[in-house]
Amino acid sequence: GQQVMQIPQYQHVQEGEDFTTYCNSSTTLSNIQWYKQRPGGHPVFLIQLVKSGEVKKQKRLTFQFGEAKKNSSLHITATQTTDVGTYFCAGPGYGQNFVFGPGTRLSVLP
Amino acid sequence: SAVISQKPSRDICQRGTSLTIQCQVDSQVTMMFWYRQQPGQSLTLIATANQGSEATYESGFVIDKFPISRPNLTFSTLTVSNMSPEDSSIYLCSVEGRGTDTQYFGPGTRLTVL
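Residue numbers (this note's numbering), protein chains in the order written: chain A, -6 to 103; chain B, 188 to 301.
Hints were generated in silico from the structure; no laboratory data involved.
From the three backbone atoms N, C-alpha and C, an ideal C-beta is built for every residue, glycine too.
Check each hint, because a few of them may be wrong.
Which stretches of chain B does chain A cover? Using the computed rule of at least three CB atoms under 8 angstroms from a CB of chain A, they are [said to hold, decoys possible]:
id, region
1, 218 to 232
2, 283 to 291
Okay, the calculated beta carbon distance ranges per label pair [what the hints assert, rightly or not]:
id, chain 1, residue 1, chain 2, residue 2, range
3, A, GLY46, B, SER205, 48 to 56 angstroms
4, A, GLY33, B, GLU245, 19 to 27 angstroms
5, A, ASN17, B, THR287, 19 to 27 angstroms
6, A, ALA61, B, ASN269, 41 to 49 angstroms
Just chain A, same shape as in the assembly (with noise of 0.2 angstroms):
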């Protein structure tokens, strides 16, 4: 079956430094997006991509989605405390299935 990888699992950054995810589907998607989940909260939608090669940006966050459609980046530039959470890639499966990645963790130091 699908499957949808990150990496890294853990992050651990000095607030101002840059953080980078990675997303990697073993199959090629119709689109991927992007959730946000602070600690004790739930997940929120960021982003959708849906192009090949689309790149996105909300502030100091670059989405990027690759090529062949099989892999997504999510890239913070300067982190700050705000960023804490994990960050889920997900993309369509079969049917009306979704597939999470199994999510980045960031910490940021203050």
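For this one, chain A is given, so just place chain B on it according to the hints.
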């Protein structure tokens, strides 16, 4: 985006009992989804609930253990039956964004089974 509420927000239950979790959405939606998130883990889809039809369960989840109701377009319930400590998890309902296949999640129900 939809506003989603869940009840209860958390519960502690005894082994062998059942708990019904409610999910209410502020707008009519075709499909509602139920996920499980075990501590420190990712989200696993339990089932998809369409109004007026039987829920569709993912591999590893069965109706006898996780019966779902979907009586109308704004409400659904998930029951965790005959609970064991392995059922301790966060249970989340979600809906699709209108015109997209992105997901909007409720706040979740944190279940602890003793």
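Verification of the hints:
Look at the region 218 to 232 of chain B against chain A: 7 of its residues bring a Cβ nearer than 8 angstroms to a Cβ of that chain, three or more, so the hint holds. With a threshold of 8 angstroms between beta carbons, the proposed coverage of the region 283 to 291 of chain B by chain A holds, since 6 of its residues qualify and at least three are required. For A:GLY46 and B:SER205, the hinted distance range of 48 to 56 angstroms is satisfied, since their beta carbons lie about 49 angstroms from each other. A beta carbon spacing of about 26 angstroms between A:GLY33 and B:GLU245 agrees with the range 19 to 27 angstroms that was offered as a hint.
Distance hint for A:ASN17 and B:THR287: a CB-CB separation of about 23 angstroms, consistent with the stated range 19 to 27 angstroms. With their beta carbons about 45 angstroms apart, A:ALA61 and B:ASN269 fall inside the hinted range of 41 to 49 angstroms.
This entry satisfies every hint, going by the numbered hints stated previously.
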